[in-house]
Each structure stands twice: as structure tokens, then as C-alpha cells.
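Sequences listed follow chains B and C, in order.
With the working numbering, the residue at position 221 of the first sequence is 1654, and numbering never jumps.
With the working numbering, the residue at position 278 of the second sequence is 1711, and numbering never jumps.
Hints are not guaranteed to be accurate.
All copies of an identical chain are treated as equivalent in the list; a pair is satisfied when it fits inside any one copy or across any two copies.
Claimed, not checked - With a cut-off of at most 25 Å between alpha-carbon atoms, the simulated SDA-like pairs for lysine to any residue come out as follows:
#1 K1746 / G1641
#2 K1625 / T1482
#3 K1699 / H1718
#4 K1588 / S1458
#5 K1565 / D1675
#6 K1529 / K1625
#7 K1746 / L1571
#8 K1588 / G1755
#9 K1529 / V1652
#10 K1625 / V1486
#11 K1470 / T1729
#12 K1529 / P1441
#13 K1463 / E1546
#14 K1623 / I1461
#15 K1588 / L1571
#16 K1529 / P1491
#17 K1771 / E1493
#18 K1463 / E1566
#19 K1700 / T1451
#20 K1509 / E1555
#21 K1746 / N1703
#22 K1746 / V1462
#23 K1481 / G1454
#24 K1671 / I1747
#25 K1671 / Y1732
#26 K1470 / E1683
Note that these hints are calculated values from the structure, not bench results.
Protein chains: 2
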Amino acid sequence: MPELRYDPFRVRWTVIATERGRRPSDYIVKREDIQMKACPFCYGHEDKTPPEVFVIAPPERKPNQEGWEVRVVPNKYPALRIEGELVREGVGYFDKISGIGAHEVIIESPWHEKNLPDLPVEHIKKVLIAYKERILDLRKDNRFRYILIFKNYGKEAGASLSHPHSQLIATPMIPTVVVTELQASREHYKRKERCLLCDIMRQELAFGERIVFENDNYVVWEPFASSFPFETWLVPKKHLHDFALLDDAELDELALVLKDMLLRIKKVLNDPPYNMVLHTAPTPHARPGRPDYWETLEYDYHWHIELIPRITKIAGFEWGSGLYINPTPPEEAARYLKEVDIEF
Amino acid sequence: MPELRYDPFRVRWTVIATERGRRPSDYIVKREDIQMKACPFCYGHEDKTPPEVFVIAPPERKPNQEGWEVRVVPNKYPALRIEGELVREGVGYFDKISGIGAHEVIIESPWHEKNLPDLPVEHIKKVLIAYKERILDLRKDNRFRYILIFKNYGKEAGASLSHPHSQLIATPMIPTVVVTELQASREHYKRKERCLLCDIMRQELAFGERIVFENDNYVVWEPFASSFPFETWLVPKKHLHDFALLDDAELDELALVLKDMLLRIKKVLNDPPYNMVLHTAPTPHARPGRPDYWETLEYDYHWHIELIPRITKIAGFEWGSGLYINPTPPEEAARYLKEVDIEF
Chain B
1434 MPELRYDPFR
1444 VRWTVIATER
1454 GRRPSDYIVK
1464 REDIQMKACP
1474 FCYGHEDKTP
1484 PEVFVIAPPE
1494 RKPNQEGWEV
1504 RVVPNKYPAL
1514 RIEGELVREG
1524 VGYFDKISGI
1534 GAHEVIIESP
1544 WHEKNLPDLP
1554 VEHIKKVLIA
1564 YKERILDLRK
1574 DNRFRYILIF
1584 KNYGKEAGAS
1594 LSHPHSQLIA
1604 TPMIPTVVVT
1614 ELQASREHYK
1624 RKERCLLCDI
1634 MRQELAFGER
1644 IVFENDNYVV
1654 WEPFASSFPF
1664 ETWLVPKKHL
1674 HDFALLDDAE
1684 LDELALVLKD
1694 MLLRIKKVLN
1704 DPPYNMVLHT
1714 APTPHARPGR
1724 PDYWETLEYD
1734 YHWHIELIPR
1744 ITKIAGFEWG
1754 SGLYINPTPP
1764 EEAARYLKEV
1774 DIEF
Chain C
1434 MPELRYDPFR
1444 VRWTVIATER
1454 GRRPSDYIVK
1464 REDIQMKACP
1474 FCYGHEDKTP
1484 PEVFVIAPPE
1494 RKPNQEGWEV
1504 RVVPNKYPAL
1514 RIEGELVREG
1524 VGYFDKISGI
1534 GAHEVIIESP
1544 WHEKNLPDLP
1554 VEHIKKVLIA
1564 YKERILDLRK
1574 DNRFRYILIF
1584 KNYGKEAGAS
1594 LSHPHSQLIA
1604 TPMIPTVVVT
1614 ELQASREHYK
1624 RKERCLLCDI
1634 MRQELAFGER
1644 IVFENDNYVV
1654 WEPFASSFPF
1664 ETWLVPKKHL
1674 HDFALLDDAE
1684 LDELALVLKD
1694 MLLRIKKVLN
1704 DPPYNMVLHT
1714 APTPHARPGR
1724 PDYWETLEYD
1734 YHWHIELIPR
1744 ITKIAGFEWG
1754 SGLYINPTPP
1764 EEAARYLKEV
1774 DIEF
């Protein structure tokens, strides 16, 4: 008998097809090659991108030359624009906001063929530092209410360039998915004076069956109501709303746990395309009294990372219902991911 | 300058990339063939499916033999099961419901190669009658709170068989996307004593620039905050919450308008894969006082059909934010769809 499962944090139901229980080898993992002449993210092509806005490089290196380790540049084809005035306007029953924002590319390393889990832990930490520094810098701009960092790996997951990179989009409103999590967290906090994700984490640790990895400071698990097979969350044990508040030691350990998680996904699912998203608190620029202002943010929200392998199709049912059908129970996915041997 | 646009009915923002303005020919429309030996939906293979639960056929035809015009059968691999007890259970902070439901396939015609818009209007009406009759029948089962009818056309849109068919899934809870629309509609009704979608329709008709087609009883338009390029809605002018209340004359005309809409999409986008979803009221089996009970349903909800061509990829940004990036403004999409010559 399949099960309908409800996630109180994302306010969403999923159908878990417990009987079918598709194994990793049952998924046809497609990885179409992305063809291109010259990669604009490789050494020597620094002039093919807009000038860098952040870089990790030796002090003697000149800007926009080779020699860097992590490089952040504006997206050449931005979804939202940094220049211009932020105008909020009503159009009858509709609303519109001028498309002000930032759209940046975090080039994770100079190595075209090395993906995030293939990099040394120390290098992964540098990518995380780039995430943090860009968030801190863009927050100074009071037009932005949210800064979303995500990674599309593989063409099937939406990547248009194969050189490993993450992306950042700053928006003048808080995106719906984040609002839903924030509202659920706030409601829980109002009732219990506890963080919802902290409570869910304690429960997952007690149940145990969906845990992939745990150390002193982080937990990796498959959520109870996983929308996708092998959906995986990386959650810090310490209650903290804001990723950008992580200190050096915390980033060190996060890099290690992230590498571990990505290596498991890569090995179990044969290097699948995936999307990874950093869920963190909004910027402090919303106004008190407005629906996107969260007074108790530091108490009720809890930053984390969500990853979904893109090995199933999203069809009319999912689009029309918001209800996903997941053919691999998270308990089984956790077992595969936990038991696999990975080499660091 | 791109625009962020808000849809008060679906409670969702979209980025409309007004500058790029991708034309239909800019989209690479993929249509991978679905290979199979013998089609279980063609004449002579009636024993390859579970026995039919509804059929439109001449009276002399025997059940589960050829000679039918529209045939509805249970899905051989159902996402939810019809047999069993409906159990609602708490699991700590989570909820679960046994996977009770119905999952049926509406085989639209015996013609393997003829898709919905290629059928005569009179035959399309028979498909709509099948939708209506299955909704009315399944509503008698008080375990079901919602009956979702949808169509995946093309492998890229999630179809696993190429013989034209729609699907139906009955669920023991109201799916999230529907709840969001219902809540927004109810809020609007509470304030104004008017239907939100009626108000939006009047406004779209006044603006005119997103209208694709209009006759006495139906309007087809591109929504202001279209999440996808060429997203298209078909909305009845008459306020009615429930598709299954349509009478014979209304179904006649709906068949005509639906054919018109699908032919336009097919011609402008070169026969793209798409998802189509019927949005209609929940069944009457929710309980008063519960969050999924809508006392004023017949006043505030408004049935309609939504269609999205699957010509763009859903990536990490969309998944992590709920915010879609649409590279073709709906005003331009409407112009293409309106101006195209179609042959009935």
C-alpha cells in the first residue's frame, strides 16, 4: 500500500510508493554532454565573462587573470538586473515589481572536469566562503529581500555550461517556497517557542531510519515526505537561521560533510544530474508589519541545504496538484546512501 | 528590464524576461518517440489493460472488446490504490494517510496516431463526457476529497505511452496547489462577495492584450504571471465551481474551444510536449470545521483548464524558490496564438 506523507515544514504532501520501492539501478540516469567550443570559465578565458565581483586567489594575481581558485562573476544573461530603480506597482488585481536583483555565477574551481565532490575538502570550503561573502556583500543593498544560492549539475538539471559552478540570485521579494517554510516555522515557534526544524531533526535522530550521516555538528537525512527519490537534506545541529553567520571552524566541517554527501549521491546513483539549494534566512530589509517581515527570524528559522537528484520526470499530476510521487521510500534511499563505500 | 509579476489566484511570483522575449522558433521543441511493441490502448488489445470502468461505445458492443470510442480503465501501475481502509495517522510531527485513491486512464480514442486536437469536435466532447462521468462516479466514494484530471502529452511531459490518453487520480486529501487556489478565492470572496477568477477574467477582457480567444461562453488567455512560456488557461465565463455540472450544450462548446486552443498551441510551437490540468472543485466529502472544508465553495471557486507546454527546463532556482523564469511575456505569446491560422 502506498502512503501519503505530509511535511509540516514545507506544508506539502508526497505519495511514497512503498511497494514499488525502485532501487538506484532502476533509474535510467541520463547525462547528456554539454557541447561548447571554448569554456568561458576555464583559465585564460577570464575576459569571456563580466569582471569578477569576488575571487579567492593569491595576493600577487591581477584581477580577471588566471591563477584564481574560486571566482564569482555576474551572469552574462541575468534573469534580474542590478541597475535600475525598484518600483512596486499594482496592475488591477495583479502586482508587479521591476526586475531588480543580482544574478551571479560562482565558478567553483579552475578545473573543468572536477565536480564539487571531487575537489579537496579545503577547496570546497573556499566555495562555501564565496557563498558567504557574496551573501554578506549583497545584503548591504537594501533593495534585496532574499539571496538564493543554488547549483544545477548536469544538463537535465538545467545547467547550460559543464564547468562546475553554482549560481546566486538576489530578489526584491521573498520567494514563495521560502515564505512557506518561514510561515510554518513561525507558527510552530509561536505555539511552542521551539524551532520546527530542530524538532524535526530530534525526531529524525530518534527514529534513525532516514539518517544517512551524523557527526557532532551536522546531520544528513532523507526527509520523511521526500518529494523526489534520494532527496537529501544537510542540516546543522546548532540552531542558526543564517548561513552567513557560520564561522571558520563551522565552514571547515560543513565542507567535509557536503563532500561526503555529494560523494554518496554520486556513487549510489551513478553521477546523476541534481539541483542543490541553500535555504537560509531573508535579508534584514523587509519592513516591520509587512507579510515578509519576520520579527522572530533568529528563533524560528533554521538554515539547511536541500538536494534533489533529477532522475524522475515532473508531469501534469505534479504540476496540477503540488503533490509528488516518489517511487523510492526515503528509508530505503537512506539505507543505500548510508551503506555505500566512498573514498575521500 | 525584466518584471516580477504576482498572481493573486495562485499566490505566486514569476520573473517575466521582457527583454529577451523568446519567440516560438527560439525554443528547441524535443519530441522523443516512445517505443513499444504492441500498444495496450489500441483495438484488439483490450485484455492488456484492467477491465474498463467506463466506456462510450455502440450498445451492441460487448465489454472489453474493440468497437469503443472512448474507454476508461484503471491504471495498471496505480500511484494510489482503490482497495483498503483509509487510515489517517500521526507520526510525531508528521502525518500520513494510507495511499487510498483511484488512478485511471482515459483512452481518448482508438486512433493511435490522432491526438486530442486532431479529433473531430464531437469526439472531443465524448472525452469530456468521460471526464465528467468518472468524476460523478468517483465522488460517490466518500474516501476521496479531490479528483484530478490531467494529460501528459509527449515523453518530455511525462507520458509513458504514446497512444493519446488522459489520466485521473482521486486523492483522500485536497492537493496543495488546489488548496492554495481555494484559499485565495475564499479570502477574496470574504472581502468582496465576488469570485476572484471572475474578477481576473473581467480584468483580462478589459486589458485585452493577453486574450487568445473569446466567444459567448469561454475565454482563453495567457495569465499575467505565466510561470511558463505559452502557459494557457481556458476559463468559462459563467461562474461555476464544478466542471461536472456542465450540461450537454456547455460540453459541446467546450469541446470546440478546447480543440481551438490545442490546435493553436500545436501550430505555433510545432507540436510541443505539454501538460494539461483540469482545475475543479473538491468532492463534498471534507468535514465542516476542517481546513479542507469550503463552506462557500460554489460562490468562490471557478473551474478552468490550465495548459503548460514543456519547452523550458525546471532547474534549481525554480525548485528552491517556487519562482519561475519565463522568457516569453504572455502578451507576446497571446499575439502568436491569436494570430496563427488554424484549420478545423
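Here's how the hints hold up against the structure:
1. K1746 / G1641: For K1746 and G1641, the Cα distance exceeds 25 Å both inside one copy (29 Å) and across copies (35 Å).
2. K1625 / T1482: Neither: 49 Å inside a chain and 52 Å across chains, both beyond 25 Å.
3. K1699 / H1718: Result: close neither inside a copy nor across copies, 38 Å intra and 45 Å inter.
4. K1588 / S1458: Cα proximity of K1588 and S1458: in one copy and across copies (20 Å, 21 Å).
5. K1565 / D1675: within (10 Å within a copy, 50 Å between copies)
6. K1529 / K1625: between (36 Å within a copy, 22 Å between copies)
7. K1746 / L1571: neither (34 Å within a copy, 27 Å between copies)
8. K1588 / G1755: Classified as both: same-chain Cα gap 24 Å, cross-chain 20 Å, threshold 25 Å.
9. K1529 / V1652: between (39 Å within a copy, 24 Å between copies)
10. K1625 / V1486: Intra 43 Å, inter 49 Å, cutoff 25 Å: neither.
11. K1470 / T1729: neither (50 Å within a copy, 60 Å between copies)
12. K1529 / P1441: Cα proximity of K1529 and P1441: across copies only (11 Å, versus 30 Å in one copy).
13. K1463 / E1546: within (18 Å within a copy, 28 Å between copies)
14. K1623 / I1461: neither (45 Å within a copy, 49 Å between copies)
15. K1588 / L1571: Answer is neither: 28 Å inside a copy and 41 Å across each miss the 25 Å cutoff.
16. K1529 / P1491: neither (44 Å within a copy, 54 Å between copies)
17. K1771 / E1493: Neither: 44 Å inside a copy, 60 Å across copies.
18. K1463 / E1566: Neither way: K1463 and E1566 sit 34 Å apart in one copy and 40 Å across, limit 25 Å.
19. K1700 / T1451: within (23 Å within a copy, 41 Å between copies)
20. K1509 / E1555: Result: close neither inside a copy nor across copies, 29 Å intra and 51 Å inter.
21. K1746 / N1703: Answer is both: 18 Å inside a copy and 22 Å across each meet the 25 Å cutoff.
22. K1746 / V1462: both (11 Å within a copy, 17 Å between copies)
23. K1481 / G1454: between (46 Å within a copy, 24 Å between copies)
24. K1671 / I1747: Classified as neither: same-chain Cα gap 34 Å, cross-chain 32 Å, threshold 25 Å.
25. K1671 / Y1732: Cα proximity of K1671 and Y1732: one copy only (12 Å, versus 48 Å across).
26. K1470 / E1683: neither (39 Å within a copy, 56 Å between copies)
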